[in-house]
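The primary structure of each chain is shown beneath.
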Amino acid sequence: GENVEQHPSTLSVQEGDSAVIKCTYSDSASNYFPWYKQELGKRPQLIIDIRSNVGEKKDQRIAVTLNKTAKHFSLHITETQPEDSAVYFCAASLYNDMRFGAGTRLTVKP
Amino acid sequence: EAGVVQSPRYKIIEKKQPVAFWCNPISGHNTLYWYRQNLGQGPELLIRYENEEAVDDSQLPKDRFSAERLKGVDSTLKIQPAELGDSAVYLCASSLGQGGGYEQYFGPGTRLTVT
Numbered sequence: 001g002e003n004v005e006q007h008p009s010t011l012s013v014q015e016g017d018s019a020v021i022k023c024t025y026s027d028s029a030s031n032y033f034p035w036y037k038q039e040l041g042k043r044p045q046l047i048i049d050i051r052s053n054v055g056e057k058k059d060q061r062i063a064v065t066l067n068k069t070a071k072h073f074s075l076h077i078t079e080t081q082p083e084d085s086a087v088y089f090c091a092a093s094l095y096n097d098m099r100f101g102a103g104t105r106l107t108v109k110p
Numbered sequence: 001e002a003g004v005v006q007s008p009r010y011k012i013i014e015k016k017q018p019v020a021f022w023c024n025p026i027s028g029h030n031t032l033y034w035y036r037q038n039l040g041q042g043p044e045l046l047i048r049y050e051n052e053e054a055v056d057d058s059q060l061p062k063d064r065f066s067a068e069r070l071k072g073v074d075s076t077l078k079i080q081p082a083e084l085g086d087s088a089v090y091l092c093a094s095s096l097g098q099g100g101g102y103e104q105y106f107g108p109g110t111r112l113t114v115t
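Order-wise, the sequence lines are chains P and H. Under this note's numbering, the first residue of the first sequence is numbered 1, with each subsequent residue one higher. Under this note's numbering, the first residue of the second sequence is numbered 1, with each subsequent residue one higher.
Simulated from the structure, these hints should not be mistaken for lab results. Some clues are possibly wrong.
[To be verified] Residues of chain P placed beyond 12 Å of chain H at every Cβ, according to the derived structure:
| no. | residue |
| --- | --- |
| 1 | Thr24 |
| 2 | Asp49 |
| 3 | Ser52 |
| 4 | Thr69 |
| 5 | His72 |
| 6 | Ser85 |
| 7 | Arg99 |
| 8 | Lys109 |
[Claimed, not checked] Calculated pairs, BS3-like style, for lysine-lysine (alpha carbon to alpha carbon, straight line, at most 27 Å):
| no. | chain 1 | residue 1 | chain 2 | residue 2 |
| --- | --- | --- | --- | --- |
| 9 | P | Lys22 | P | Lys68 |
| 10 | P | Lys37 | H | Lys62 |
| 11 | P | Lys42 | H | Lys11 |
| 12 | H | Lys11 | P | Lys37 |
| 13 | H | Lys78 | H | Lys62 |
| 14 | P | Lys42 | P | Lys57 |
| 15 | P | Lys57 | P | Lys68 |
Beta carbons: idealized from backbone N, C-alpha and C, even for Gly.
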């Protein structure tokens, strides 16, 4: 089955800096790669996703890149704000079989 | 539109006791998932339903866990008997399609503590 690894496990940045979180996946057939944000005590919520036929997608301060050959994808957050502090999960999916990474705890210091 | 509803939100039980969780997915969502999330970890899939059929239960500890989704809508997840290691947040999620590539919407979760 699919195995997703996520790095780093914790990330601390200064407000206004950029943050990058990286994930690798094992099943080359996976075709859908969402990113979820989970604030303390709350449910995971989708912030951006990308499909295997696209190399990059951007939504305001958030962007995701996908390298199918290397089987890795990354989340980029620019101009970070304190409210970006949360745990971020990447996931890889084939059809509806989705596997999650272990998460990255992002702290944005004001 | 209401999101995914779960109950109870919190449950504290003694080991060896049974416990059940309930999930009501978003209306019209065919696919329903149960995940377990341990502290500091990502969600781990327990079981996935397409309508009323369990299509992936390979990660469900079948000696003590059971699930059902009657009529392809609401679902219940049961643990009997509970063990200390079952303490976790149990998340239910639903998605619209069966072909994959659809956003999963999560419920608020049930935080289970086994003492």
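Hint check:
no., hint, result
1, Thr24, "14 Å, holds"
2, Asp49, "7 Å, violated"
3, Ser52, "9 Å, violated"
4, Thr69, "20 Å, holds"
5, His72, "17 Å, holds"
6, Ser85, "16 Å, holds"
7, Arg99, "7 Å, violated"
8, Lys109, "21 Å, holds"
9, P:Lys22 <-> P:Lys68, "14 Å, holds"
10, P:Lys37 <-> H:Lys62, "30 Å, violated"
11, P:Lys42 <-> H:Lys11, "16 Å, holds"
12, H:Lys11 <-> P:Lys37, "25 Å, holds"
13, H:Lys78 <-> H:Lys62, "10 Å, holds"
14, P:Lys42 <-> P:Lys57, "26 Å, holds"
15, P:Lys57 <-> P:Lys68, "14 Å, holds"
Consistency with the previously given hints fails for numbers 2, 3, 7, 10, ordered from lowest to highest.
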